[in-house]
Amino acid sequence: MSDLIVLPLVLPLFGAFLLPIVMRTSISIGAWIGPAILAYGCWILGDQWMSGTALPFSLAIGGFAPPMGINLYIDSLALLFAFAVQLLGLLFWPFKIDQETARRQALMLLLVAASTGLALSGDLFNLYVFYELVAVATFGLIAASGSSAAYASTIRYLILSGIGSVLTLLGIALIYSQTGTLNLAHLAQLAPEQLNNKLGLTAFLTILIGVGVKAELFPVNTWAPEVYATAASRVSAFLAGLVSKLALLIILRLLVLIFHQPEAVQVMLVLGILGVITGELAAWRAKDVRRMLAFSSIGQLGMIFIALAIPEQGGLLAVLALTFHHLLIKSGLFMLADGWGGAIEKLRGAAKRSPLAAAIFVLFSLSLIGMPPLPGFWAKFTLITQLAAQTSPLYLIGLTVFLLATVIEAAYLFRLAALLYGPAAEDTPIDTIPKPAGLSLATASLFGIGLLAAALFITPVGDLLSHVAGQAANADLYINTVFAGTGGSQ
Amino acid sequence: MRNLTSLLFAGGLGFMLLAIASGLDFGAPPMLVGGAIQSTAPQETGATNIVTSVVLGYRGIDTLGELSILFAAAAAAGLVLGRRHTTAGTLTEGGFVLKHGGAMLFPLLMTIGFYIIFHGHLTPGGGFQGGVILAAAFFLPLLARPGARLHHGMLSVIEGFAGSSFILIGLAALSEGEAFLQPMLVQDTLGQLVSAGTLPLLYLAVGLKVGAELAGLLSHLAQTESEV
Amino acid sequence: MTLTPLDELFLYSGITVLVALLLGRRLPAGWMVTILYGIQLLALMKMAPLGYGGEPISSALTFEVMGQSLSWRFDALSWYFALITLGSALLSSWYACGEWEQRFRQSGGNLWLFHLAMTLNVFSMLILLASGDLLSLFIGWELVSWAGFLLMAMAGGVATKAAMRYITYAMAGAMAIFGGIALVYVSAGSLQYEAILTAASQMSTAHLWMLVILFGAGFGIKMGLMPFHLWQAPAYAETPGPGSAFLGAISSRMGLFAILLVLVKLFGIVNIDSLKIPFTLIDARDLLAWIAVFTIIFPTFTAMKQNDARQLLAWHGIGQGGYMLLGLVVADAMGAAGGLLHVFNHATYQAALFMAVTAVIHRTGTADLNKLGGLVVRMPLTFMVLLVGIIGLAGLPPMNGFVSKWLVYRSLLNEGMPLLFVAAVIGTLGTILSVYKLIHNIFLGQLRVEHDNVKEAPWSMMIPMLILTAIIFITGLLPGIPLAWVASVQQAVGLPVPDYTLGGVESASGSLDMIWVIGVLFAGFGIGALIFYFAGGRSKRVHQLDNYAGGHFLTADVRYQYSDNFYAGLMHLIGGWYRGSFLWLEQSVKSLVEFLSLGMQGLYRRANAEFYLLSTALFVIAWVVI
Amino acid sequence: MMPEISLELILYTTALGLISIGLAGVVLSRHLFRMVLALVIAEAGANLMLVLAGYRWDAVAPILTTLGEHPPMVDPVPQAMVLTAIVIGVGIQALAVSILIRIRQRYGTLDRSQVAERMDAEIADTAGIPRDVSQESPLGERPLPSLPDSTVEIRGGHS
Amino acid sequence: MTQIELWMVMLLALMVLSAAVMVLLVKNHIAAVAAASVVSLGLALLFVLMRAPDVAMTEAAVGAGLSSLILALALRRLGLWRVDGVKTQVNLIKAKGEGHQDA
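Chains as they are written, first to last, in this note's numbering: chain G, 544 to 1033; chain C, 31 to 258; chain Z, 263 to 888; chain P, 65 to 223; chain L, 242 to 344.
Just so you know, the hints here were simulated from the structure itself, not pulled from any lab data.
This structure is a prediction, so every number in the text was calculated from the model and none was measured.
Beta carbons: idealized from backbone N, C-alpha and C, even for Gly.
Hints are supplied without guarantee of correctness; some may be wrong.
[Unchecked claim] BS3-like mimics (lysine-lysine), calculated; alpha carbons at most 25 Å apart, straight line:
{"hint": "1", "chain 1": "Z", "residue 1": "538", "chain 2": "Z", "residue 2": "527"}
{"hint": "2", "chain 1": "G", "residue 1": "830", "chain 2": "Z", "residue 2": "423"}
{"hint": "3", "chain 1": "G", "residue 1": "895", "chain 2": "G", "residue 2": "830"}
{"hint": "4", "chain 1": "Z", "residue 1": "423", "chain 2": "G", "residue 2": "895"}
{"hint": "5", "chain 1": "Z", "residue 1": "527", "chain 2": "G", "residue 2": "830"}
{"hint": "6", "chain 1": "G", "residue 1": "895", "chain 2": "G", "residue 2": "978"}
{"hint": "7", "chain 1": "Z", "residue 1": "633", "chain 2": "Z", "residue 2": "717"}
[As the list claims (entries may be wrong)] Here's a subset of chain P near chain L, in silico, CB distances under 7 Å, partners left out:
{"hint": "8", "residue": "71"}
{"hint": "9", "residue": "78"}
{"hint": "10", "residue": "85"}
{"hint": "11", "residue": "89"}
{"hint": "12", "residue": "115"}
{"hint": "13", "residue": "119"}
{"hint": "14", "residue": "138"}
{"hint": "15", "residue": "143"}
{"hint": "16", "residue": "147"}
{"hint": "17", "residue": "158"}
{"hint": "18", "residue": "161"}
{"hint": "19", "residue": "165"}
[As the list claims (entries may be wrong)] Derived contacts from chain C toward chain Z, CB cut-off under 7 Å, selection only:
{"hint": "20", "residue": "37"}
{"hint": "21", "residue": "39"}
{"hint": "22", "residue": "42"}
{"hint": "23", "residue": "46"}
Take the sequences, apply the hints, and build the full model.
This is how it looks when you write it as structure tokens:
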């Protein structure tokens, strides 16, 4: 059964390769391939979760024992992420049928496969490959929206992310030169002796900056506003919601397993604080919805980086809570932006045109700023208690910045909400006020329902997250799981 | 001012990295994984070219990912450049040498390409290198005769089947109860052409896919548009 | 699971919200909601022993989330505030039923939203009041903030702007509290009140300072304490009539409740007293006292300048909050009793005043003090309500405001704080002046032509007002009734309790018995009437316009009443120096954010992302390597 | 037989030098095509770095020429990874130039700042935002914000 | 590694680095592409010396061959295929103090 876990990773690739051929013969059949594969992937992963197979376990690809071959490491966290990838891939599926359907859907399948790979893989270079695949598929999907601005933003994103991958590759080369292995578990074993030095730190930092491009780490996140403003909403939703979190996952794994140096954490803390400051402040003045969401996303990820900088397990819990919360919210908000994407001023009175959308927006906003019964509050509560418990004054600065940023966030989100519920401008008839498309609205409502469900069942959700965090924070468990069959690395 | 700063920054970064890198023990790599692979690879995969056994065996999924990246890049480039309104227009007609040389080179390049692919597990070279040569073979006529059109349909069919057969070979191992992409049919005839089990098949798939992909990409780039 | 009385209260309150949500679009919704408030009040009465020193009642509802346990309970403090909350909700809702509702609906108001917002406010306030630990306190706090936002913002236009401003302030406050909670959690290891109580005595001075500042600022924002008071008046004034009566009566008192609970009960006023400010003679408690005094003075004088009746009342609401805090901070038996009693008293007359003004708006369509006058002949009952209300507001006998203010003054003198006393009296002076403006400009003087056929307020509005009037007078006459509740509150939060009687307070330094006071007062009136009568006094009715000025007979369409720009001369004397300084402060914070935001946008808009990457890589690696 | 320091230095300098030159090129170029070229160079540097990670003194290429005993070989793993990285690089490069072609078609320029400016303008246009400020114009030229609403009640009532 | 090889490495390194600088400095785009392919070629030779024949082959085929071909084709379609360097209007690295900077 557990061998099948490789299918959600491979089948989308398979589908992507075959899609152009099938589409050539029959578009109607071809259009079903992607959703079917993703639904199957969801089913396999869900089944895996339900069947209660002992997690975590490790799966050697090609039957080669881990340090030599590549292994997939499946713990609750990876499984959750993989499931989220497949599900969101399904929800954000580009259904539009036109001349380029085959290519667009193939790219989407590739994106899903690569994201699943990022969630599951246990090898540093393999992660790099999937990271690049995510990048290329992303570029294609962003550019697919076809506007000139989309091309321009794509090339800027591409170049930035290209430098990022060069730096990542450099970091990988440094690590390999030092240790002679790239398996994360193996590295985790060797790290205390071999990577606990300047070289290890440099390698981590180059990887951090490289991967940070996708994770919207300040200051390599300047691509985000323009890309989110030009790409199709579904793509933006997938990027802001999921891909950034997967990049975070890489950093999280590296931190937990390999790099325990306090300097590594401090760098992230400082960059995270700067990210929060710049993102939230820039969002304050944003004049169109998408860019506002993009800046807010930068701020939110800054918060997650601050959380990531907390060394204890509680910090990890905060990271996970914030991550999944933001995943849900930002995806939903970007779905709303499909149709509401234009200038904020144009949305005057939009609540009358589409009350459901406005209500969902308010719900998301409330959760985003941490209104108590909603899950966002618990995520933020976990974060601030952890932050306050740290002794270094830098964390207190982080706490202060975090709190102030929340105020600013509330101000701009509710400025928009007030606009939505306010009267329409005199010269605009109500029919001309933009309105989210039906499908997007339905998807957004789905996220809203998910959010409410999480709020309702916050106790089990919280327990689940604590369990997941506990598993993810346990480096020894990781090592032992990966090397269980071989009884050691040597 | 900014130019100067950037230059200084880049130089400084390089210098610091150099300082870091000079701490490495150059020329004596730890060979933890590499050493282990060297000693077991010939038995496990049956390939004498150990790089090949790493590329297709130990790190097979990397290669799959890499193929996907190439595919994604080609698909994305296709999406960006589009198919409409393209004719191979402004290329000037190739001269006599180019035309006939191209015609003569085509079979030669094909042979070389396939040779490299099939000997990938024995000698340097393999699917990628061979694939590039195949692509060149397909592309050359286009350069020589601007009017000629590459058969895009054909290419994409080759590409799709090559890619999916890579995965199918991997899945076949899975259905045999082994791990995904586990090498099968390894004979004990190290050094022979038919020795490495499924590896040459995988490399063939890689080569065909790379060749088709790149040829398609090149022809996309070579076409000029009438809509400009 | 057995339902405790507290659970029943929550249940009824929840049902009220549901009724408003589901049936709110139908017309009798107002009555249904009112009746449900009544039922809630009855449920609260089941817990009446709490008001007389009974044992706290816990809710069966508890949660365990992420290692935190949440619980809810009622003690004397909660009960006292809940009583005021439900009372004002009941009367405001009653007031809204009938004619006001119809008018509101005709003018395009969303009645459903109004009822929903009101019920949500009440529900969330009950949750806040019942909080059994800091976390549930914060949850209730946020709920109250957002429910208030809903009620304030629903009128649209100016109201939405005011509500936006409110929510920004409220979020800032909430975040201060949130930070404070995090610090408490770290030092106490738990958010249960018991754990905090034990931890508070061992906290370092710096820690305690930080907590006092964070919580003080957070709760103070809700109360409208001095530097953070700007949001309150516009927000309350723009709320639809009965809503403003309700909000004005109780909403900002939630801040006082939280201050009582956290600063006074948990941290202990003694601990706060020990926080000295270096190089000065004052400590944190003095600081709070002075903030309270300034909160009395400045908003009161700002109120004097208002030309909108609702704005005037709302500004007073801020100032009156200062008296409550002042009394509490003095924290001796009488002062604390005065502060707490003032919560009740203020709720009664503030609600009555807002209702009276709303009634005037209902009949005349305006609350602009420059466009009213002489209404006493058309709306005598409303005039009476307003008169009683302003006597209470000004703190004059025989109304209840006098009692609480007397207690505060008395304790200021007892504790030897003459400066504070003088300052508080200055505040009262401003109050008297400005409430005179209110009653004069609305009811006295010349009736405007356009108001010639104005009628008395409808009975649906009148009855709640009269009930409030009666309460104001009765509790003025017999302050012992609320003082009993106040005493048990003081006991619950660990403050000394005064000796109270039915008519007032007894103490060594001076007693108060309102029965005597009022008796003497009315006796004086009676003697005056007798003298007037026996001296042959006769009255003669003349028409208001039966007169002449400057050699001309008067006509109804010429204004000869001095009401436009009332107190212009006085304003000229005192105004100017403090005017707008807080606005300037607020504006400059906003500009700073705006400016920074512009800078950040520039940062992200520039095309040199690669340069950022390069320099970050350089600095980060340099920091590590070197 | 002569593990000299100089060889090591030369090779690392080459690899890191290529990366630095590439980085500097990306930052300094004003032309998008040249930025792509610079990226290619930086990638080449990273590849070299990776190959260096597997180099071993006096070893042979990782290909078995004789069965049984064989001399020490260099590490094959980095070589396999470099193979992958090179192909990835060329894929991205192809995508980049095809996007460049489109940009050139639409905007008529490949100058970095001009493209950025046009993109900003286009984003603002599609969103429907009037572009009040160009990013070059100083702050002082922006219109002043209107007076706050709160000044109204200080001035006395709302009329 | 013999002395000759050492010299070759040195020479190649010099060649690669100077070609890389050339890529950024030359005005003509064709020349830049050519320089880039020189970099790849030099690297391929270096890889041979580093005992990495597979990589060398790939680098030669992909880096020097294919990549240059792609870039050249792109140049043609970008309209930058001009042998005469003077005609290219685009400045590569802008001279200092000339008009607005994007910093």
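Verification of the supplied hints:
1. As the CA atoms of residue 538 of chain Z and residue 527 of chain Z are separated by approximately 20 Å, the hinted pair is consistent with the 25 Å bound.
2. Restraint check for residue 830 of chain G and residue 423 of chain Z: satisfied, since their Cα atoms lie roughly 18 Å apart, inside the 25 Å limit.
3. A distance of roughly 21 Å separates the Cα atoms of residue 895 of chain G and residue 830 of chain G; the hinted pair therefore holds under the 25 Å criterion.
4. Proposed proximity of residue 423 of chain Z and residue 895 of chain G is supported: the alpha carbons are some 19 Å apart, at most 25 Å.
5. With a CA separation close to 47 Å, the supplied pair residue 527 of chain Z and residue 830 of chain G exceeds the 25 Å bound.
6. Pair hint residue 895 of chain G plus residue 978 of chain G holds up; C-alpha atoms about 10 Å apart against a cutoff of 25 Å.
7. Between the alpha carbons of residue 633 of chain Z and residue 717 of chain Z the distance comes to roughly 17 Å, so the proposed pair stays at or under 25 Å and holds.
8. A least Cβ separation of about 6 Å between residue 71 of chain P and chain L falls short of the 7 Å threshold, and the interface hint therefore holds.
9. A least Cβ separation of about 4 Å between residue 78 of chain P and chain L falls short of the 7 Å threshold, and the interface hint therefore holds.
10. A hinted interface residue such as residue 85 of chain P counts as satisfied when its beta carbon comes closer than 7 Å to some beta carbon of chain L; here the least separation is about 5 Å, so the hint holds.
11. Checking residue 89 of chain P against chain L: minimum C-beta separation of about 4 Å stays under 7 Å; hint holds.
12. A distance limit of 7 Å between C-beta atoms decides the matter here; for residue 115 of chain P the minimum to chain L is near 5 Å, and the interface restraint holds.
13. Proximity of residue 119 of chain P to chain L holds as hinted, the smallest CB-CB distance being about 5 Å (cut-off 7 Å).
14. Taken as an interface hint, residue 138 of chain P checks out: its beta carbon lies about 5 Å from the nearest beta carbon of chain L, inside 7 Å.
15. The criterion of a C-beta within 7 Å of any C-beta in chain L is met by residue 143 of chain P, whose closest approach is roughly 5 Å, and the hint holds.
16. About 5 Å separates the beta-carbon of residue 147 of chain P from the nearest beta-carbon of chain L, less than 7 Å, and the hint is met.
17. The criterion of a C-beta within 7 Å of any C-beta in chain L is met by residue 158 of chain P, whose closest approach is roughly 5 Å, and the hint holds.
18. A least Cβ separation of about 4 Å between residue 161 of chain P and chain L falls short of the 7 Å threshold, and the interface hint therefore holds.
19. Checking residue 165 of chain P against chain L by beta carbon gives a least distance of about 5 Å; that is within 7 Å, so the hint holds.
20. Annotation: residue 37 of chain C was flagged as interfacial toward chain Z, and the flag is violated, the nearest CB pair being 10 Å apart, outside 7 Å.
21. The interface hint given for residue 39 of chain C is met, as the beta carbon of that residue sits about 5 Å from the closest beta carbon of chain Z, less than 7 Å.
22. Evaluation of the residue 42 of chain C hint against chain Z yields a held restraint, the C-beta minimum of about 6 Å falling below 7 Å.
23. Because the beta carbon of residue 46 of chain C sits about 5 Å from the nearest beta carbon in chain Z, less than 7 Å, this interface hint is met.
Checked against the numbered hints above, the structure breaks hints 5, 20 and satisfies the rest.
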